[in-house]
Structure formats: structure tokens, C-alpha cells
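Below are the chains, spelled out letter by letter.
Protein chains: 2
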Amino acid sequence: MIRLHHLNQSRSLRTLWLLEELGQPYEIISHQRDAKTHLAPDSLKAVHPLGKSPVIEMDGELYAESGAITELLIERFAPDSLRPAVDSADYGHYLQWINFAESSLMLPLLLELFTNKAGVGDNDFLKGYIAQEKHKLLSYLNDKVAGKSFIVGNKLSGADFMLSFDLIMLAKRGALEDYANIKQYALQLASLDSYQRTMRLEANHDKSI
Amino acid sequence: MIRLHHLNQSRSLRTLWLLEELGQPYEIISHQRDAKTHLAPDSLKAVHPLGKSPVIEMDGELYAESGAITELLIERFAPDSLRPAVDSADYGHYLQWINFAESSLMLPLLLELFTNKAGVGDNDFLKGYIAQEKHKLLSYLNDKVAGKSFIVGNKLSGADFMLSFDLIMLAKRGALEDYANIKQYALQLASLDSYQRTMRLEANHDKSI
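Which chain is which? The protein sequence lines are A and B, in order.
Under this note's numbering, the first residue of the first sequence carries the number 1, and numbering increases by one thereafter.
Under this note's numbering, the first residue of the second sequence carries the number 1001, and numbering increases by one thereafter.
With the rest of the complex left out, here is chain A (with noise of 0.2 Å):
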């Protein structure tokens, strides 16, 4: 049985939803976030001393890191269905979408965050190095997902699930609105089965809502 430590409105919903997909027995563990400093609960911290979401436990250990998990889980349960395979070109293509989606993208969504946060959202440095990048990396993901539902080899895999957090964080600011095929690909990923169940779920476990 694999047991998932979910935080609200985190990066587990990408682990939340690829379990949904899965289809692999599993239990949900809920923590809330602060109500007003909206920073994970000291609960998270008696899990895994990082403190964080998502940390799944499976076959007697814990595993931290939204990126490590979904590589797992799938070589685990999905190899043939949801990466390709290791010696194809696309192979590294997934890879990079992995990375791309909590590295190169996370940044600047999360500076932004941060600045705003700390008040100092107006610094003139800040604001165009953040505004800069997003739209590089968004003018680049735009590109790669034209006319297509999935990232990788036009097939649901691994990369689909870790950006959609990011794009829940950049629908939430209104920042896709320049950005038509990331809309047109945000939208199909959200019309499948498993993120539907996962979004309930989400909610289910939101106490704040």
C-alpha cells in the first residue's frame, strides 16, 4: 500500500493525480496548510524532516521530492505507459520536461511569489528579471505544445503530471492569457478522467474551501 502526506494547493496534487491514474491501491493523509501564514504544518515536519509535500511511504521508506516521486511511482507501476522508453530519443526529452517543470519554470513563479510575499513585488531588478524569464520559458513551452495534448511523443507521461502544477499556479495569476497553446493543452489535460477525480479529491481535503 502506498500512503501520500498531501498538503492543499501544493505539488502534491501532481503526485495525487498520477496515483489517480495509476490506479494502484493507495491512502490519502491530509495536512493543512497555515490558514495564515500559509506555510506547511509542523505535522508534515513529524513525517520527513524536510517538512514538505508531497512525501509518499511505500515498501518501508519515505520518498520527498515531487520530481523523484513520479519518476518512481511510474518505473514502478507504468514504465510502458505513462515514460518512453529508456533508449528512445524522446527518453530525454521526458527528462528534461521533468526538470524543466520544478527547476527552469519553479523559479521565477516562485520569486514572484516570494517578492510579492515580502513586499518588495516593486523592485525594478526583481520585476523584469521575473517578467523576462517567465516569458522566455512560457514563449518556449508555448512552442513545444502546439497542436499537441501531451508534451512528450504527444502521449499522457510523467512530464504532463509535474506540469500541471505549474500551470494551475500560472492560471491562478492569469498568466496564460498571451500564451494559446499552453490554454488549449492546460484545458485538455483537465478534461481527463483522472485529473477531474483528483481536483474532488483536492477539494475533499482542502479544509480552507
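Derived from the structure by calculation, the hints contain no laboratory data.
Nothing here was measured: the structure is a model prediction, and the numbers come from that model.
Virtual Cβ for every residue (Gly too), placed ideally from N, Cα, C.
None of the hints are false.
If you only want the chain B side, here are some residues facing chain A, beta carbon under 8 Å, derived: (1) Glu1065; (2) Ala1089; (3) Phe1125; (4) Lys1136.
Derived list of chain B stretches under chain A, where covered just means 3 residues or more per stretch with a C-beta under 8 Å from a C-beta of chain A: (5) 1038-1051; (6) 1102-1108.
Since the structure of chain A is already known, use the hints to place chain B on it.
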């Protein structure tokens, strides 16, 4: 033949070191940071739309993101020596540390870099968050490398190549003083022949020094 688009003082150090360890034939294409802004030069944008480094060319394909490149090169050239078996418990830990290096640990380091560059490094909220987050992450890493030469299974793996760049950033800021096990681990990595060859190559390709 593998071609590495290498930028001085960047995550490309991870890939350079991995290529030195793999012993596969490869070529370095050298790019230089802007002397004033320290940003990546336009020459990288001509290589890949993300305009970053590392980027590798292999079998007619381009791949970005240092985490993806690390996993891909190891899958292709050293699956039996530089990563745990896919069906072992350590495989999940291997993936976790690869992602930890570029996701969890990189976030406070980059927040610190960018807020200092923007002149808002004395903001109370940011200063507090960065210090707390760094301490949590480094304490965790410090515990995990106690008495070990390598982070996963006490055997050199892709996770060490990924962490090495974080350790270099941290050491430059004098941020490892309170973490004796991490210092010991960093020194052990730095003592490897392939690491030392890499640092000489980096120096030869860095026109700023």
C-alpha cells in the same frame, strides 16, 4: 560524439564532471557570462531557446536541464555503476537526492542570490525564510552524509554530481561552517581524480579569472 555547451560558473559543472567520470568522447563549446550582469550570454540562446547551460547535443538531439542530463547520460553510459538498480529501494533515494539538489536546496540559495542582487537582502521576511529554510535543508543533508563518502548507498552516483554544484555555491558563501559532515563529504568528492580534472577544465574555460 557528445557536445557540451558549457557556461563558466554554472550548473554545467555537474555535467562536465559527469562527462569526465564517464570517459566517453565529448567536446566542450565554451560560453562566457556577461562580465557586468553575470547573466548567460546571447550565444546560448542561439543553441537552445532556454538560453541556459548545460545543454548537450547527443545523437542529433538537444537536451537541457542539468538533472535531466545527469539521469540521461547515466542511463546511456553507466547504468550499472553510477546509479542503484531500478528495482532497489535506493533507486528512489537516488531520484530524491537528484531532485533535492536542484529543487529544495536550490530555492533558498537562489532566493538569497536574487534578493541580494536586487538590493533587498535585508528584508525581514526574506532573510528569515531563507535562513530557516537553509538551516533545515542543510541539517537534513548533514545528518544523511554522516560518516559517508557518497550520498546514496555510499557509492558514487548521479546524486553526488548534482549536489556538488550546491556545495560549491554554499562553500563560496561560507555557509558550510556549521555542517561538519557536509564539509567532510564535499572534501571527499573534491579529492576524486575526475573532480580535480573538471576543476582544471572549468578554470581553463572561465575567462573571468
